[in-house]
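K.L.:
Taken in sequence, the protein lines are chains L and V.
If you want the working numbering, it's the 1-based position in the first sequence plus 2.
If you want the working numbering, it's the 1-based position in the second sequence plus 347.
Watch out, some of these pointers could steer you wrong.
[Stated by the list, open to error] Heads up, simulated BS3-like pairs for lysine-lysine below, C-alpha to C-alpha not over 25 Å straight-line:
#1 L/K39 <-> L/K77
#2 L/K89 <-> L/K26
#3 V/K414 <-> L/K89
#4 L/K39 <-> V/K525
#5 L/K89 <-> V/K525
#6 L/K105 <-> L/K40
#7 L/K89 <-> L/K77
#8 V/K505 <-> V/K414
#9 V/K520 <-> L/K89
#10 L/K26 <-> L/K77
#11 V/K753 <-> V/K525
#12 L/K40 <-> V/K418
#13 V/K418 <-> V/K505
#14 V/K520 <-> V/K418
#15 V/K518 <-> V/K505
Simulated from the structure, these hints should not be mistaken for laboratory data.
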Amino acid sequence: MQYLLLIYSNETAWNAMSGEELGKIYSEYMAYTADIKKSGNYIGGNPLQPVTTATTVRIRDGKRAVTDGPFAETKEQLGGYYLVDAKDLDEAISLGARIPGAKYGSIEVRPIQLMGAPPA
Amino acid sequence: MNFQQHYEQIWQDERARVLATLIRLLGSFDAAEEATQEAFTVALASWPKTGIPENPRTWLVSTGKHKAVDKLRRRSVQERREEEASRFGGWIATSEAVAPAQEALMLEGEEMNAVEDDRLRLIFTCCHPSLAEETQVVLTLRTLGGLTTEAIARAFLKPVATVAQRLVRAKSKIRDAKISYSIPRREDLPERLEAVLLVVYLVFNEGYGAEPREVDRRALCSEAIRLGRVLLEMLPHVPDVRGLLALMLLQHARAAARFTPVGDLVLLEDQDRSAWDAQAIAEGAQLTTESLRAGVSAYGLQAAIAALHDQAETASETDWPQIVGLYDALLRIQPSPIIELNRAVALAIHRGAASGLQAIETLQGLDEYCPYWAAKAQMFLWTDDPAAAAEAYQRALTLAKASGDKAQERFFASRLAGIS
């Protein structure tokens, strides 16, 4: 079963961190990624550029509307993700809890709905 | 025992067990609920002729399983046809419910293994922290308690559709997010067990807050006690589990004396103690002793406090010093302003209202908590300050009105009237 672990955090707090703090967190992330690669849970994952770089596009009345940023005003922004393989929700939650960002922001654990071939 | 009584007894004893095992075998709550229902229907029709089988549980599980297999076979033929048809449409969502179920049905030899653990799997799944608390309550009552959706809706004064919707969403989340049907790992067990106990106690408290005329809501107390007994049967060595059952029995023992015939609240000190359920008190006290002997727990300590109240011949003979000591112990393992408040009340009776008031004045964050103002008012009355007491009762009355608790509202209104 695949789960997407969405990492939310407060970008302002993130930007206020010292180089030393950031370095520590980056190395925690590297260690975590290596860990879940070794355990076979890792499928993919990436940090995202800050929300100031985001663009939203939608189609309304057949017309394309492009706007700056995400339109929801929230305290925490999506800052990265991991795609993992876990045997059940409990394992996925455990994987999410170990993401360094869980200590600062929050991790949303979402099961992936697999599209494709019907069951054998 | 005639057949009907015997059948009902088996329904009482075995329904949750059969359901719990079928959920494991079929890998689906819905299929298992349907299969359980059908198994009992078949039993009702055939047992009068064939006699009740020696092991009704095994009989019911295998009957339910076979009914479900038949249905799956019929369904898979139909689904295959539908899939063929929709393949032209492009994307098809995989249905995980069918494949593992058929695989599980192969396990003829092992399928009755670990049956004893199935009810534990069920309760831990229903009380999984990824489900909202209210959903945990509803799902537990529906599956482990066997209450109908209608009965749950009546008890919680909610529309049937709302409860039904909650159940549907819960089952979808269990399936789609793959909440595992298992007993938590050892390291997660304390936290997960706490959630289970909280659900049972929430059910109890919902019933405890009901007025006598709210028969359906009140019945939740007995239901919670029944769930508590099931939990204790499954987890006899956990002090908290034993403590919770003790606490519920000891509180429920006073049920007959807690209201006047017209439904007005009667304070503990004014209750007719001869109307208390002596048998429940004896059982609760015994369980409390056993629980505390096995280890100190929050529910065990609360049960001990309830036992001291229940065992006092008169209100004035209550062992207040020991109650204050138990609250101190409780605060050490579970700091909470509400427990501080209860301790302050005990202290006021034991050491005098001035000590109680002093303790209560330091408490924070209870401004919206009705019993806080009630306790404060009582202490002002004891210290001869009727004006302050009236003010506090007014706050309590306003909060009771806002919460819609009519019995409390009448109680505080009459208290307020008694002062002026």
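K.L.:
Evaluate each hint against the coordinates.
P.N.:
We went through each hint and held it up to the structure:
| no. | hint | result |
| --- | --- | --- |
| 1 | L/K39 <-> L/K77 | violated, 31 Å |
| 2 | L/K89 <-> L/K26 | violated, 30 Å |
| 3 | V/K414 <-> L/K89 | violated, 29 Å |
| 4 | L/K39 <-> V/K525 | holds, 22 Å |
| 5 | L/K89 <-> V/K525 | holds, 8 Å |
| 6 | L/K105 <-> L/K40 | holds, 23 Å |
| 7 | L/K89 <-> L/K77 | violated, 32 Å |
| 8 | V/K505 <-> V/K414 | violated, 33 Å |
| 9 | V/K520 <-> L/K89 | holds, 15 Å |
| 10 | L/K26 <-> L/K77 | holds, 24 Å |
| 11 | V/K753 <-> V/K525 | violated, 43 Å |
| 12 | L/K40 <-> V/K418 | violated, 42 Å |
| 13 | V/K418 <-> V/K505 | violated, 33 Å |
| 14 | V/K520 <-> V/K418 | holds, 23 Å |
| 15 | V/K518 <-> V/K505 | holds, 19 Å |
Checked against the numbered hints above, the structure violates hints 1, 2, 3, 7, 8, 11, 12 and 13; every other hint is satisfied.
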